[in-house]
Every structure is written in C-alpha cells, then in structure tokens.
Amino acid sequence: MLRHRQQTKWLLTSMFSRILTVTTSSLRRPISTSVKKVTRSNFEATLKKLRLDVRESDFIAIDLEMTGVTSAPWRESFAFDDFEVQYLKLKDSAEKFGIMQFGVCPFRWDHTKKFFVANPYNFYTFPRKELPIDMPSCEFLCQTSSIEFLAKHQFDFNAYVNEGISYLSKDQETEALRTLSFTFKKKLRVSLDNSIVPVEIPLSSTADYFFTERMKNIFAEWRNGILKGSLADAHTTDFWPQFETIFFKRRPAILLDGFNSHHYNLIQKVIKMYFRDLVYVSKVHDDDLYQRNLVVYSTSDDDRALLMKEVHEDLCNKAKEKIRHAVGVRHVIDLLASEKKLIVGHSCNLDLAHIFSKFIRPLPSTMTEFACSLHECFPYIIDTKNLLKRNAAIQSLMDKKRKSLSSIFSLLCPELSSPSSSHTSSCIQHVKIDVPRDVTGNSGAKHEAGYDAFMTGCVFAQECSILGIDFKRQMGSLDLSKNEKLQKHINLIYPSYRTEVALDLKTGTAEIPINPAEQYNNENKGNIIFLWGFPSKINPPELRECILKALGVAESVMSIIFIDESAALIQFNNQDSASKFLVLKDSLDSKKSVTAIHPLSPLLKCGNTHAADYATYKEICRSSASKVLFADQAETLNIRWTTKLISNNPCSSQAGQTSNIYLKETSLSFVEL
Amino acid sequence: MVSHKWVPNAVVQVTKSNFIGAFQQLKAHIRESDYIAISSQKTGGGSALWHRVLPIDTPQISYLKCKLAAETYEVFQFAVCPFKFDGSNVVAFPYNFVLFPRDEFNIGMPSYSFSCHSSFLTSMASEGFDFNACVHNGISYLSRVQESIAKERNSIPTLYEKPTSESSSLIFSAVDKTFIDRIKSKIQHWKNVRNQPTITSEDAFLKTLRKFIIGVEQLHGSRPCLNIDVCSHRQVQLVTTVLNESFDDIVPIVITSKDGEPKVIRAVLTSSQEDKNLLLDEVQREEEEHKIKICGFRGIIDMLSNSGKPIISFDCLKEFTYIHSRFLDQRLPLTMDEFMHNLKLVFPCIFDVDLLMKEIGPLRNAKNIPASANSNETSGKNHGHKVLSTTHVFAKLISILNIKPSARLVKCGHMLSVEEEYSNIFIPRCSCNDFAEQDETDVEILLDDARKGESSNIVFLWGFEEVEMSDASAEAASLKVVLREIHGAFSEDFGLNLVDKRCGVVVFSKPSLAKSFMEDMEAGNINSNGLKAARYDTYRRVCESGLWHVDLADALNKISAGESKSNLLPDDLDLSDLYLEDESDIRLNGLLQI
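Chain order of the listed sequences is X and S. Under this note's numbering, think of the first position of the first sequence as 1, with each following residue one higher. Under this note's numbering, think of the first position of the second sequence as 1001, with each following residue one higher.
Do not take every clue at face value.
[Claimed, not checked] Listed below are the simulated SDA-like cross-link pairs for lysine to any residue, each with C-alpha atoms no more than 25 Å apart in a straight line:
1. S/1151 <-> X/540
2. S/1027 <-> S/1091
3. X/537 <-> X/601
4. X/129 <-> S/1501
5. X/186 <-> S/1091
[Unchecked claim] Part of the chain X face toward chain S, derived, beta carbon under 10 Å:
6. 44
7. 129
8. 142
9. 143
10. 147
11. 159
12. 162
13. 624
14. 626
No lab work stands behind these hints, which were simulated from the structure alone. A quick note: this is a predicted structure, and the numbers were derived from the prediction, not measured. Beta carbons are placed, not taken as given, at the ideal position from N, Cα and C, and that holds for glycine.
Using the sequences and the accompanying hints, generate a full structural model.
Next comes the structure, spelled out in structure tokens:
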C-alpha cells in the first residue's frame, strides 16, 4: 500500500517536472486575495465589469452560501437513499432554504505571463420584495446550526439583510411583465374612455366653488394665449407663483405646484369637464418620472390620444426598468448561461439545485427532468469533487480525513493558502494564479462565497495540470470545455455526498457505475422497511433483539439504522423476512392489545408504532412539510394505517401465505410459553 | 376618569452579555409592579395570505393559524415592561431582550430550523436592528419541556453536583475506612503545612515531594483549596461526609465533568464560620446563575408566570401561542379550549388590549389611541418601544374603563369583578390588513349593510381563472359581474373578497341563497366553466387537517374532491361537528370594518 503510494508520488513528480518547469519564485509575494463585495449599491457598476471578465474567461468557478442545508435530521443523506430520494432531499433543501451569498470567480489564462488571472466577486443576495406583486420566494427557512456556523466565520448578516441584492426567476419575470402590460393596457383604456364622459364636480363648500371658478378662468386664459399663437401671452400666468409654463413632450404645459391633494383633485375635474384639449397628467407615486402634476395642451383629439399613449409608454418603460432592476442577481446567471463557459463548482449539487429553483424556475418533480433542463442552461459543468474522486493520482495525495474545500486548497495550492510561509519543497509544482488587487475588495476568508469560488477555481486549475493539461503549451483559447482530458469528468455531478454514482446531466440518468455493487444498492429496496413512532428509549440493539425474537430466525436482520430519534430503517436479508415482519405487525395491530410477553410488545406498547415499505419513505420525503421528527412528518400525510403491507409486488401473495403459516407457528410457541 | 401622568424609563437593551444583571434587575421591578406589558417581534407572519387570520375565521380557525405561525417562525426580540401606578403617575420599566435560538449545549435545541419572511427582516432592519449582534449575542432559551428532556438525557452540563444528604445512612466497609482515613490525613496535613510558618530555605526537592503527596494547593476564588480526584458517586459521598464531619472550616464542592459524572471534589478552606457562610452563599448564587444561563430567556417567562401579575398585550392569541410553543411546550394543543386551559395554569390573568379597545370601540375612536400613544414615544433606534405604547394604551384604557389598578387583589386570587370580566379572553386579531405590502383591493370586502354572522352565509369560490375572459388577475368587481350571470343567488347584493389570487369568499345576505347556490352547484345545474365552490365547512376542514398549501384553492380542491376522505383522513373523525358552538362568533363586524 505504502509502496503503491510512493510509486504514484514518484509518477506525479516526474509528470510535473515534465509539464511545468517554471517555478513561481519570481512572482511570489504575499498575496491576500481581495474579493469584490457586491451589494445593492454597487451592483449595476460591478455587473458591467463582470460581463467583461466573464467574456474573457476560460472557466468560471461558483459557490453559494445558504441559510441552511437540511430542514430536518432525517432529511440528511443516507447510504441507502436511492437516486429518487436523493433528488427529493436535494429539492427539499433548495426549495426551503435561501441563498445568502453568491460567489462568482472568472479565471482567465494570461498567455504572455503564463498564469491564471482570477477575479472573485461576492454577491450578497436577499429575497427582497421589489415589485408590488406577490412573490412566494420571500419566505425561507434558516437552519440554526448553519447560521451559527456562518456567524463563527464572520458572516455579515446586516449586509445581507440591508444590502443584499434581490432577484426574480425567469418565470417570475415573465409573470411580472405580463401583469404589468395588462395593467397598463387597462389604465390607458380607462384614461381614454373617461375623456368623453362628463364628470360632476362635487362642491362641498363655497371655497371649493370659488377655487374651481378661478381655475377655470386661469386655464381658459392660458389656453387662449396659446391659441393666439404666442407663448408670451401664455405667460400671463406668471403672476401665479403656482403655475409655470414649460414644454412637455413638445407641447406647452403648465406645471402645477403647491396645492393640496384635494385641490389637485378639483383641478383634474375642471380640466376633464371644461377643456377637451387640455390633459391632466398626474405624478407617479415614489417615482422620479414626472415629479409634479401637469396640465398639457393638445391640438386635437388625435393629438390627445397620442399624448396619452406617450405618457403611458413612459410609465410602462419605467415599470419595465423596475422589473429589470428587480431581476437583480439573476442577471449574473443569465450572463453565465449566455456565455456558455465552463462552470466549475465544488460538490455543487446543492448549488446547482438552488440556482435552478431561485433563478430559472421551480424544480421539476424528477431528477431526469432537472438534469436535462439544467443542461440546457449550462452545457458545461464540472465538479472538482468529481476529479478528486476519480483520479488515482489526486486520490493518493489526499488526506482521507480532511476533505473540505479549504484543506484540499491548502494541499494543492499551498502558496495561495498561506502566502506568508515559505514555499515548502512540495513535490507538486503549481499552476500560477494571480489575483489583481482591488482597493475596494475585502480580504477573502473561507466560507465566504466569493473566496470559496476562488479556492474552487484554483483547485480546478491544479487538478487540470495533474490530469496532464499543459496550459503553457496551449495556443489561443484554452477551450477547456472541449478538452479531451476533461471529457470523462464533465457534466457529471453527485446528487448527494454519500453516493458513488454520479448523475449524467446530458442524459439525466445515472452514469454506469464503476462498482457494480452500487447498482444493486440502488435497485433492491424490497428488503427494507421503515419503523417509526416507537418508544424513544429503545436503542438499535434492543430493536434488533425484538425483531429477531419475533421472527424467530437468526441473521434475518442485516442492519438497523436510526434515521432520527423517532424512526429507524431495518434492512432484512431478504424480501420475505421483511414482509413477514409487516404481516406479523399488522396482525398484532388488529388485535388492539398485545400481550406483554410478546417479543414485539416493547416496540408496540405505545400503540402508535408505524411500519411501512420503501415507497412510503419516498412519499414522506416528497411531502413538503418540514417537521423536525420523521414521525411527525409522517403524521402530516394523515396516514391512518399503522402497517403497510407490501402488496404491489406480484410475489407478495406468496410471501403473505408463507408468513401466515409461519404466524401460526409463532403463536403456538407463545401458547407454550 | 383619572388621567395618569406617563413616566416611561429608557428601554434597557438586553443581550447575552448583560443578561444575568438584567435578570436580577427585572425581578426587582416586577416585584414592585402592578402590571406587566409584553410584546415580541417575530421573523414572519404567514407565508400565504390565507394563512393569516381573516375576518371570517372562527376563534378555533384563528387559533390554528396562530399555531401554525408559532411553530414556523422564531422570536428575535421580546420586550417586557413592568409598570405601576404610583400616585398619579404611570411608571414603566421597559426591557428589550434580543433572542437567538442558539444551540448552546449542542443538543439540537431549542430549534433545529425556523422560517423568515424577508419583509419582516427588512422592516426590522429599517428600525436599525443589528442582526449580527442578534446571531452572536442573542439570548438562547430552552422551553420547559426541552429542559426536562435535556435533563433526562443528561446533556446539560451541571456546575456543581449537590452532595446527597443520605450521608448518615452510609455504612462504611473496610476499604471505605482506609479511603476516608487517607483523605482525612491528607487534608489534615495540608492544613498543618499551611499553618506552619513558611520555611524559605526548604529544599526544592522536599517541596516537590510535598506537592506530590498532598497535591498542589489551588485557589477557589480568593480562597485556598485542594482538589481531590474521585471516580464514583460512592467516593463523592464518602469524601463530602468526611469533610463535613471532620473539618468545620472546609467546604466540599463537587465539580462534574461534561457528561455529568463527578470529576473532582474541591476542598475549600474558609477562615471563619462567617467566611464559610459567605462561601456557601456564593456557591448558591453561582448555581442560580448557571441555572439562569441554562434556561436562558425562558427564565424571564417563568418569572412572569411566578409573579402572578396581570400580563398586558396586544394581539394576545398570537403572542401567547408563541410563548407556549417557544417557552413552555413546542407541541401546541389541537383546540383553542385546551390551549386556553393550559395557558390559564401558567398565566392566570392576561388582558388583551384589543378586547379592552373593543369595549370602548364604537363610542370613541379606538384606533386613535395607539396612534396618540405612539406619538409620545421617541422612535428611532430604541427597540422595544412597542411595549411602551402597549403600556401607555393600557394605562389610558384603564382610566376610561374605570378599572382600578389594584394588583393587591389579584395577588390574593380575588380579582375585581371588572378585571375578571376582561381577563383571559382573547380577540383573534385579523392580521391581513396590517400587512403593509398587501394589495388593498385584495381584502376589500364590500359589505354595505349588516348581515347575520353565520358561516352558512359564506361560500368559497375558486377556479375562476377560466371564467375570466382575458386575465388571471381577476378583480373582485369584474368577478362579481360574471357571477351575477351564473346564478340567481347572486342577483341580490352580496359581498365578495379575494383571499388570494385564485380564491374568493362570497358572503350572501341570506343562508338560503348560499344553500340554493351550493345545491345547484353540487347537482351540476350550473354551467360553471371551471368555477368551483365550497361551503364554510370545507374551509374549516382544510384548516383542521393542516393542509396549508400556498393557494387556498389547492387545499379546498383536495378536501372537496374527497380524496383525503377516502384514503388519508380518518373516517371516524368527523370534523364538521367539532366546533359548531363557536360559529356565532365569526366576527362579521370585522368584515364590515375593512
């Protein structure tokens, strides 16, 4: 074993000395990686710069920080989860939790200086309600431990809430635009219609009467001035400080100022009633579009309609601009999708699910659909974890216990991770990575999305060189997405960190596993049953003891895993044993009272112990409720039965029969007792 | 009517760092107070519009909705304000506690996860709330039930173990005797050495040897002590017994390790009987503080409960479902009756300010009272000012309603008849109209004349997307026009309110109209074009069975399709006749106010 490792090391060393000959001593200086902090205030400007960086980049590393990972302990991934359950858990997490930071780091290979240039960005994202329409995404779950974890790493929660950039998914944007165009169409229709209908002016006081009369005179005078063709005459209103003649959309207009809302209301009515050729344009609330109310002169009915249309177009454009603004962080996703560059993530299954559900559309119900839709948006995705797992050379370097991104980073990129320490005589010679210094940037720290994205990209660059990609010999564009050495790693992601089988994003199915045993694990779930609602004091050995005694067959239980304090998975050595157990439990349930000497009595004594097959487990995982205990989650499905027999299987009737016979035997033995 | 002078003190902001001090201070203020006002700030208030309490909800349904919210969201700020009537003054002492459900003992408690609504967070942010301080320095808590679970599992570290009092009944074996003698001589020797004048010229080797035999003298606070290692509860008993019996001036303190096992006994030397008492007090105080730290903010709730003082709050149903779920028991009872019963055991006297306002409601402009009280407050970064306004409003109401502030009587368990009349009656507050960003037209219920408040008048409608001609964003007015063409029952005046985008509530003026419409609907006599309708009962069953879908229409569909009846919902549980009695309580006057 040791010899084998040494051999690989030697192999590596020789490989590197062949590929990379230039050390980085000339460029070595203490680097503190500066990560650009992007919030609401500098988003628009940063987006412009990012656009350039992404366009020129060879690959883009991404990373997310979320408000949590699992909504309940039983939603964590287990080795026995099949592909579908893995996806259901991924989906649940992405749907319930929010994104707090989105890290993007474009890497560009500098052909002349022979190094990568990295530009890390850290976007704070917060689901703000920017538009007056209902957005369900404004609510999100927080996992207490995740929040505490981020707090330990100096996460700035105030920046997140106060300054975080909002977003709309593609679906939400479409919906917002649809609602908008409808509202404006209707508003325009109403405003044009009303011009014909005479209105009544409610006069509640003599003061109102005098006011309307005065307004009538002033507007008549002003209009006559215009009709005479001289604007100078129109300036007769100069002695009224509240009126100012201006031009509005190439038409003469009066700017109204200094009235209260009641007076504005009266003026509006006066205009509607007495002046066909004047148009009242009211200011728009909280908008800088038209700051004050206006009365505009139009030459004809056609001109008037044209004016109204123009005003509405203005308003419509303004609203569109608002929606564009509300799209927020999704502009970054659109940018990444449109450039079709290679996207690099580190165990990025959850990141991708979040990106899909937040920025594209709600997650589909099946993993295949998810994979294919994602592939359409991002045709080239690579997971650095995948490279680590599959490459023996990298595997041999790894410390088995330390698999976190930061430890891989310090292993593969020692000079970047600890710039102050002198370069140890490592056997690996590294691809040089440079980060342009930015005065506005913050010094990066781990578990900050921008810096994590940077680390991911660096790890990827080193992995590439270990795989034998020689950046220095590349002429012109690197075009990594087409590189043949990466082809067998591209578009393969692991749906959970537990699984060894990757999902092929191109086909939406599981890739052919390297280890055939895995496939078995994924298909045969008939021997697994789930048990929940039993007394909480029972521990796994006791549970096993109960079941073995009840079934009377030694070795029939392969393993027992507690998925949380309220539920356990029991794996029998074959399907028969599993159905036998269910039949036995069902018969005991129907008896209502179980004798204390029955081996299953400690398990059933609280009367709420449920047992079911793997399909039910899937159903419970699919349910959107977020109860902390599995037993409570099952309850939300309003399950009435306590035991679900395996019935959909064709051989189950046979199994049922055998178990019946068997049951008689056991009941006999109890009589003997 | 007596008008009181309003004398509020500055709000004390409490975080983890000043919690112990504030705890003692508040205790003293509560002791002297007549009433205690409370108010809390949550991270959300219902993910879908119909999850909030609506004017058509019966108290039971309102309770279920508050229960859902209490189970979903977290409390970030909790303000407590004891106040008293001091002559003609109202003197208030407001405290604002910043909370965060930190898992202090790594036991997955108090809450694994919680929901946030961004609009609630932004409104907190606009008041200058410091989220970093909240996460880093917020006070955690364990509910009463959680604490007992944690104790059962031995997962809370104890500071000192209480020596068992059965020392007299100890029967010493020969081994025990040797052990006791060894300890005794060790301590005696240590004391002797201490009393001897220090020999400066003592050999270094001797010193080391002595240290090796006796152990290294350490300090417990300012007092010298000697640590004695123990490895069982039996040994703890033996050592404490021998120390107590043989030495007057030594106090044994048992230090436990993280897993609750005794680790070491600290024999602390005191200089006199006085000093000994002082030390014992000190130990007791330390233990108390440790206890306060363990239950965290829950200690304040216990303090409120133990004080027996009347508790004052706005929107009591919401506040107390939170208090129940966070600080008493996570599992809220299924019915409001049971909840009120449980609550009464913990808080015998609660005044809902909403109820008192309603009392004076029609006569005076009740809505102006909180406004007038608010205008007196200094707003800005002063969190917890809401509790002050509650206090202020209550003080005004109490003088209007002529309730004599007499805490003395309450303490004796005989509340004044007036107070009895108002205590522990909650008015579920309809929260749909105080949600700032709500589109006004959505909840506009057009009821122009008073109607009898019976649920048989109410019909839920959905599926009108297809009915509408051009757009899904149907407005109540245009839907009304469509409905008039569909059925004759709509020819008479009726109220229509959109609960959310896809579902509306119709309030008929007569039950017979609702009945005839529903009968024709069920018989399929109406060309409904996708329009679906359900009785109030279906809505009640939706809430009872916890089908909290985002759209009410989906939930109604599920229940009325009978799908849940056939295979999921128990047949024997007929939800329809559970809460008939509270039907008359549907607050249609609430409908009219909107």
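Hints and how they fare:
no., hint, verdict
1, S/1151 <-> X/540, "22 Å, holds"
2, S/1027 <-> S/1091, "16 Å, holds"
3, X/537 <-> X/601, "14 Å, holds"
4, X/129 <-> S/1501, "17 Å, holds"
5, X/186 <-> S/1091, "56 Å, violated"
6, 44, "20 Å, violated"
7, 129, "6 Å, holds"
8, 142, "6 Å, holds"
9, 143, "5 Å, holds"
10, 147, "6 Å, holds"
11, 159, "9 Å, holds"
12, 162, "5 Å, holds"
13, 624, "9 Å, holds"
14, 626, "7 Å, holds"
Against the hints set out earlier in the document, violations occur for numbers 5 and 6.
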